[in-house]
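Please model the complete structure; the sequences and the hints are all you need to start from.
Residue numbers (my numbering), protein chains in the order written: chain A, 1 to 368; chain B, 369 to 736.
Think of the hints as simulated: they come from the structure by calculation, not from any bench.
Since we're looking at a predicted model, the values are computed, not measured.
C-beta: ideal position from N, C-alpha, C; glycine also.
Mixed in with the good hints, there may be bad ones.
[Claimed, not checked] Computed cross-link-like contacts, SDA-like style, restricted to lysine to any residue with a CA-CA straight-line distance of at most 20 Å:
| id | chain 1 | residue 1 | chain 2 | residue 2 |
| --- | --- | --- | --- | --- |
| 1 | B | K405 | A | D325 |
| 2 | B | K401 | A | D325 |
| 3 | A | K7 | B | E416 |
[Said to hold, decoys possible] Computed spacing ranges between beta-carbons, pair by pair:
| id | chain 1 | residue 1 | chain 2 | residue 2 | range |
| --- | --- | --- | --- | --- | --- |
| 4 | A | E57 | B | W406 | 19 to 27 Å |
| 5 | B | R537 | A | N10 | 49 to 57 Å |
| 6 | B | T419 | A | E366 | 29 to 37 Å |
| 7 | B | L400 | A | K121 | 26 to 34 Å |
| 8 | A | E57 | B | R537 | 52 to 60 Å |
There are 2 protein chains.
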Amino acid sequence: MYTFTDKGDNEITLVPEQTPTRARLIQKRKDLKTPVKWFNTSKRWRYEDVTQGRDREFLQTDFDIFGVESVNADAEAIAAAATIYQKLGLEDRVKFLVNDRRLLESILESHGIEHTEQAMKVVDDKEKMDKAEFVEDLQDRGLSESEAVQVDKLTSISGPILENIEELREKSPKEAQQSVDRLESLGKALDAYGVADMCRFDLSIVRGLAYYTGLVFEAFDSEGELRALFGGGRYDNLVGQYGSREVPAVGFAFGYSTTVELLKKTGKYPLKEAETDVYMLTVSESLRDLAIEYAEDLRNEGLSVETDLAGRGFGSQLGYADSIDADKVVILGENDLQNDEVTLKDMDSGKETKVDKDEIIEVLAEGR
Amino acid sequence: MYTFTDKGDNEITLVPEQTPTRARLIQKRKDLKTPVKWFNTSKRWRYEDVTQGRDREFLQTDFDIFGVESVNADAEAIAAAATIYQKLGLEDRVKFLVNDRRLLESILESHGIEHTEQAMKVVDDKEKMDKAEFVEDLQDRGLSESEAVQVDKLTSISGPILENIEELREKSPKEAQQSVDRLESLGKALDAYGVADMCRFDLSIVRGLAYYTGLVFEAFDSEGELRALFGGGRYDNLVGQYGSREVPAVGFAFGYSTTVELLKKTGKYPLKEAETDVYMLTVSESLRDLAIEYAEDLRNEGLSVETDLAGRGFGSQLGYADSIDADKVVILGENDLQNDEVTLKDMDSGKETKVDKDEIIEVLAEGR
Numbered sequence: 001m002y003t004f005t006d007k008g009d010n011e012i013t014l015v016p017e018q019t020p021t022r023a024r025l026i027q028k029r030k031d032l033k034t035p036v037k038w039f040n041t042s043k044r045w046r047y048e049d050v051t052q053g054r055d056r057e058f059l060q061t062d063f064d065i066f067g068v069e070s071v072n073a074d075a076e077a078i079a080a081a082a083t084i085y086q087k088l089g090l091e092d093r094v095k096f097l098v099n100d101r102r103l104l105e106s107i108l109e110s111h112g113i114e115h116t117e118q119a120m121k122v123v124d125d126k127e128k129m130d131k132a133e134f135v136e137d138l139q140d141r142g143l144s145e146s147e148a149v150q151v152d153k154l155t156s157i158s159g160p161i162l163e164n165i166e167e168l169r170e171k172s173p174k175e176a177q178q179s180v181d182r183l184e185s186l187g188k189a190l191d192a193y194g195v196a197d198m199c200r201f202d203l204s205i206v207r208g209l210a211y212y213t214g215l216v217f218e219a220f221d222s223e224g225e226l227r228a229l230f231g232g233g234r235y236d237n238l239v240g241q242y243g244s245r246e247v248p249a250v251g252f253a254f255g256y257s258t259t260v261e262l263l264k265k266t267g268k269y270p271l272k273e274a275e276t277d278v279y280m281l282t283v284s285e286s287l288r289d290l291a292i293e294y295a296e297d298l299r300n301e302g303l304s305v306e307t308d309l310a311g312r313g314f315g316s317q318l319g320y321a322d323s324i325d326a327d328k329v330v331i332l333g334e335n336d337l338q339n340d341e342v343t344l345k346d347m348d349s350g351k352e353t354k355v356d357k358d359e360i361i362e363v364l365a366e367g368r
Numbered sequence: 369m370y371t372f373t374d375k376g377d378n379e380i381t382l383v384p385e386q387t388p389t390r391a392r393l394i395q396k397r398k399d400l401k402t403p404v405k406w407f408n409t410s411k412r413w414r415y416e417d418v419t420q421g422r423d424r425e426f427l428q429t430d431f432d433i434f435g436v437e438s439v440n441a442d443a444e445a446i447a448a449a450a451t452i453y454q455k456l457g458l459e460d461r462v463k464f465l466v467n468d469r470r471l472l473e474s475i476l477e478s479h480g481i482e483h484t485e486q487a488m489k490v491v492d493d494k495e496k497m498d499k500a501e502f503v504e505d506l507q508d509r510g511l512s513e514s515e516a517v518q519v520d521k522l523t524s525i526s527g528p529i530l531e532n533i534e535e536l537r538e539k540s541p542k543e544a545q546q547s548v549d550r551l552e553s554l555g556k557a558l559d560a561y562g563v564a565d566m567c568r569f570d571l572s573i574v575r576g577l578a579y580y581t582g583l584v585f586e587a588f589d590s591e592g593e594l595r596a597l598f599g600g601g602r603y604d605n606l607v608g609q610y611g612s613r614e615v616p617a618v619g620f621a622f623g624y625s626t627t628v629e630l631l632k633k634t635g636k637y638p639l640k641e642a643e644t645d646v647y648m649l650t651v652s653e654s655l656r657d658l659a660i661e662y663a664e665d666l667r668n669e670g671l672s673v674e675t676d677l678a679g680r681g682f683g684s685q686l687g688y689a690d691s692i693d694a695d696k697v698v699i700l701g702e703n704d705l706q707n708d709e710v711t712l713k714d715m716d717s718g719k720e721t722k723v724d725k726d727e728i729i730e731v732l733a734e735g736r
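Structure, rendered in structure tokens:
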């Protein structure tokens, strides 16, 4: 946490990660109908060493579903996250790695691995190590060499969820069959949400945070250049720590810096350039009030409209309209107006047409 | 400013008011085409005494137009501010008080008031005083009693801009006639923008900030219960202080807390309640994947859709749909589906109709 003492000797903490705060709130708000779906975007602060893509000040969105134990909420959380990347045009570049911690634990235990908890801590860092390091690290934590090799083999199961279900079922002990069934349901639901192609099962995903109780998932740049985009999971016990009610929960926290880096890398940033639909050109300053009225009408139709603010001449206004990429220019001139007309210039083709002055708003609003 | 020393002995200032920062930026960015219109919303911090509607942490929007000396930019800035209040449904409740500081100064000087600068400081607080206090305060600043009374009288000119122009013209010295003309143009332009009814001229508006050079304006709750909603004005010299280029500017800064208070007072807060267009009810869990597919199709059409996440029964789902104010419920049942149908229930009327299962998306998307 980023804490300090201010000039008035007040102990201040800048807004930290929100999950515990939110869990406390949900515990208190017994009036809320479950499922409670919640999202919130704001800046947060942490006092940690600064690394690339990890600053002390960061913008983050939290998304959570409270009050549902069922796998349906897991699927909806992952689908929501995946939809964000679909809408950003990154669906081919972002992969979700999905696991169930209880399943991993059961499989390790059933294969006679002692020190399961120690082993899972090492598995959490598996992606950063080669096989020799991984095995050695496990032995340092008290596993025998053969156990370590087996953990490496067992945690190598990965791929499309439904394609790996049978292998998982075979390798899982009886008491874990329910977790396998749950994963299978998850795979089917992700298919129904249209996001199964973005998700892979990976038995080596653990996620450090102690509060996760089952499902865990992480989003990665599929070309592997950047650190994880974000992660999430199921945390059924956290709300219960702040009071008498147990409220199951699943969610994820979505940091912006890595996603923005990925958008830049793929040429999709900024998401939206400033756009000008219409520039309202006035041949003389006396027509300015009419230009404003037209502009206001068009703005009320949702168009982005600019007018001359500086009393510039014809050529200067046309040059400005071009420089701000206006799609259309409406030329208000005395002569045209005496004929109840205005001139509409299409800036792409350069083509000019005369339009009845009472129809220009409609023509432009329809031509969007 | 809110400054402190953090744990790493770094001198930190939390984001302060942005106007000087922005002026510095505009000075540097010689590549930007003028007019530059800019707005930015973020949290800011100041270390000041906390009063009602004035916290140390506050959310603010800045809006500025750089590079235009003309009154047209003044009108556009005020119109933008007024449009915000129109869109919030507060146009009958919010008034803009408008003045030109140069005009006030000229009028005072031409009426033989010495200590003009001192007098303007007192005028800035006029609204908070009765007449006796005002006159006394002016005398404390070195004005004679008759001068003080005259300042009171002169600064009492207020009302619709165009209706007061002639009185202003008469009371203004020759060198200030240009400022009166400018005010007249402003009044006409505000009329063209459709916001003249929200604006009043008030010769007593000064605004404390030293950087304002001409136009100043403040927005008030017209029933006078709250402190100023926000203020703004023209500051033509600020950008020039940070480099060689002079860049005229006009803008306003818009704090949220007072506006939110006003929205609450007028029963318009929150601006938007959570809405559910459709609840997708599944008679059996086996239909859940179909429900998801329908839900995703409808969400892609921009509708807000909820499904059963918890495996609840028919009645419980219907009760939940009611509790979240769903407009429509689509009931997916095995029997209906064997006839290629689903049931569409309108939650207001309670009326149920059978709809072809391939047409339900279209029916709902059109019926928004």
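Quick rundown of the hints versus the structure:
Distance check on the hinted pair: B/K405 and A/D325 sit about 15 Å apart at the alpha-carbon level, within 20 Å; holds. Distance restraint check for B/K401 and A/D325: the Cα-Cα separation of roughly 12 Å lies within the 20 Å cut-off, and the hinted pair is therefore satisfied. Proximity of A/K7 to B/E416 is assessed by CA-CA distance (about 11 Å); at most 20 Å being required, the pair is judged to hold. Against the hinted window of 19 to 27 Å, the Cβ-Cβ separation of A/E57 and B/W406 comes to about 22 Å, which satisfies the hint.
At about 54 Å, the beta-carbon gap between B/R537 and A/N10 stays in the expected band of 49 to 57 Å. Separation of B/T419 from A/E366 is about 51 Å and departs from the stated range, judged on CB atoms against 29 to 37 Å. Restraint check, B/L400 to A/K121: a C-beta distance of roughly 52 Å breaks the suggested window 26 to 34 Å. Between A/E57 and B/R537, the C-beta spacing of about 53 Å keeps the proposed range 52 to 60 Å intact.
In this structure, the earlier hints numbered 6, 7 are contradicted, and the remaining ones agree with it.
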